[in-house]
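Visitor: Line by line, the protein sequences are chains A and B. Each residue of the first sequence is one higher than the one before, counting from 1 in the UniProt record's numbering. Each residue of the second sequence is one higher than the one before, counting from 1 in the UniProt record's numbering.
Just to be clear, a hint being listed does not mean it is correct.
List of simulated lysine to aspartate or glutamate pairs, EDC-like, C-alpha gap at most 20 Å [stated by the list, open to error]: (1) A:LYS318 with B:GLU12; (2) B:LYS318 with A:GLU14; (3) A:LYS236 with B:GLU14; (4) A:LYS318 with B:GLU258; (5) B:LYS318 with A:GLU12.
To be clear, the hints were calculated from the coordinates, so they are not data collected in a lab.
This is what each chain is made of:
2 protein chains.
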Amino acid sequence: MSKAETIGSLGENESLKRTIARLSASDFALVGPGDDAAVISAPDARFVVTTDTLIENHDFKLNWSSGYDLGWKAVASNLADVAAMGATPTALVVAVTAPPETLVSWLESFADGLREACEQLAPGCGVVGGDLAASNQMMVSVAAHGSLDGREPVLRSGAKAGNVIAVAGTLGKAAAGLALLQSENKDAISAYDNLVNIQLRPNPPISSGVAAAIAGATSMLDVSDGLAKDASRIAKASNVSIQIDPLMLQGFEAVLEEAARAIGSSESDWVLFGGEDHALLATFPTDAELPREFKPIGVVLEQSATPVTLGVKPLPEKGWDSVTG
Amino acid sequence: MSKAETIGSLGENESLKRTIARLSASDFALVGPGDDAAVISAPDARFVVTTDTLIENHDFKLNWSSGYDLGWKAVASNLADVAAMGATPTALVVAVTAPPETLVSWLESFADGLREACEQLAPGCGVVGGDLAASNQMMVSVAAHGSLDGREPVLRSGAKAGNVIAVAGTLGKAAAGLALLQSENKDAISAYDNLVNIQLRPNPPISSGVAAAIAGATSMLDVSDGLAKDASRIAKASNVSIQIDPLMLQGFEAVLEEAARAIGSSESDWVLFGGEDHALLATFPTDAELPREFKPIGVVLEQSATPVTLGVKPLPEKGWDSVTG
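Using the sequences provided together with the hints, build the complete structure.
Guide: Here you go:
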């Protein structure tokens, strides 16, 4: 058997070549990977761009996440930001830093995760460029691009009093999965592996972003830092207050109840304050027909002292912070 | 005096807010920083995109580089890739990871470097989005975008036998600066601070990329890993050989001679194998009028066994590798 190949032994060029070979092309790439830059089609003469980074031991742990999981998660979290503008994802560039002793087979599995997340979450979107460098700590930084196809972008700032607020995707499942992993309770991890899987490979409803835009969404974002914190972002950007109806969260909580009991956690905390589901949170005029995937969870009110309330109680803005954790 | 503020004490949102306040807007931004994504104009319905990462203790050292230097270098190295396609830079997104104890004042100085590099190297281009997260090791990952204004991109693969090969910008100065810093020879570092400054804040000829495209350049890239290695990339992509004329490199060597003598290094090695100048290397038809900034350094020949020769001697492909160093 040959010695296990590492990215340090192969070098940047050869390691990148192996990785790129596993990716599928973007339908929008006029010039793909391999030159100083890629050239991407922007049909309506505009493009959407966002960037997000995942860091070892902070956003992921290598003993929990495989290369595949990490590739998937990096794509999913970035595509959700593109979707939250009401755009269709077109192209990604991916920068990876990893210790030189990282196996090339790990990098190949990572590439498989990138490819399959694109194919399943946003068919037609692909990786068009990348960068690989040596570091102590593994890190994945993605910039994602999208096309608005002539529509106006859906911003955080357009919510109006009287609007309905609704969510597409999961709430609290990623946080539940994280709590399960942290519990190190093997039985619970195995019993609720559907929740663990959402933490490792979130499944944001990417195409629902365009559906929301077409349905007339007045504001939208992706719930990366928790419902409370992200709803408050809409409230502040739009100069409104948001009232979440606790009854309308019961469905989200119900599916987490058993797992919460198994490890002594609170399903309600997961739903309200848990990040990383990358659900889409959007506001709509009352006369809009909500896309099927969106479930109403409350209403938009005139601005008051409290950005977000759960029923009549102020909802604290706690949640995830990329720096303080 | 108040306690020194760190990004850990302020958190991601407030630290990012402070940073963004110091940036200048991109002329191409239809929606700037602050939403899930930015929206950028792409006048000819295409955009160019590239990504490059700088890693602490690998691409920079914090006792050599200030925050300002690092911001500048991150912009310069990415803009050079956009320029090498023949494009005008339009917008950047910047992901930073840093230890929580990093001072906010460092981050502000970093933002100043981002801003001034954009203003001086590519007026009109600006930072349109970013991400900040905690890590052990500092890292800056940039994705840069550009507009081709209706022109065809200049690829690495278009060089033709009979073409002239020419370079715009500096060769070997960044490597000389690195060698000076590594020598820890304070007198030499001070005497040749112009070279040290190119290492810390490279000055690639960004607008020369568009000039080369307009002049009919058949291939182009930016010299990030050294002349020998990058010329070989053009040769391989274009299925040609490149013959560099040693006499035509004398001007590049002459300005490095004294510094090389001062620390016992070779100016010729710096010019041939030194990376990080981000000069533009391009090939032109013999009847093209070279833009003023481009100096001819050799000719393109039919493909032979050796991708690049210096005179008649094969030039080894050694140079910088982002993984193996």
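Visitor: Look at each hint and say if it fits the structure.
Guide: So, going through the hints one by one against the coordinates:
1. A:LYS318 with B:GLU12: holds (13 Å)
2. B:LYS318 with A:GLU14: With Cα atoms ~15 Å apart, LYS318 of chain B and GLU14 of chain A stay inside 20 Å; holds.
3. A:LYS236 with B:GLU14: holds (14 Å)
4. A:LYS318 with B:GLU258: Distance of about 60 Å is beyond 20 Å: violated.
5. B:LYS318 with A:GLU12: Holds - the C-alpha atoms of GLU12 of chain A and LYS318 of chain B are around 13 Å apart, at most 20 Å.
Hint compliance for this structure: hint 4 alone is broken.
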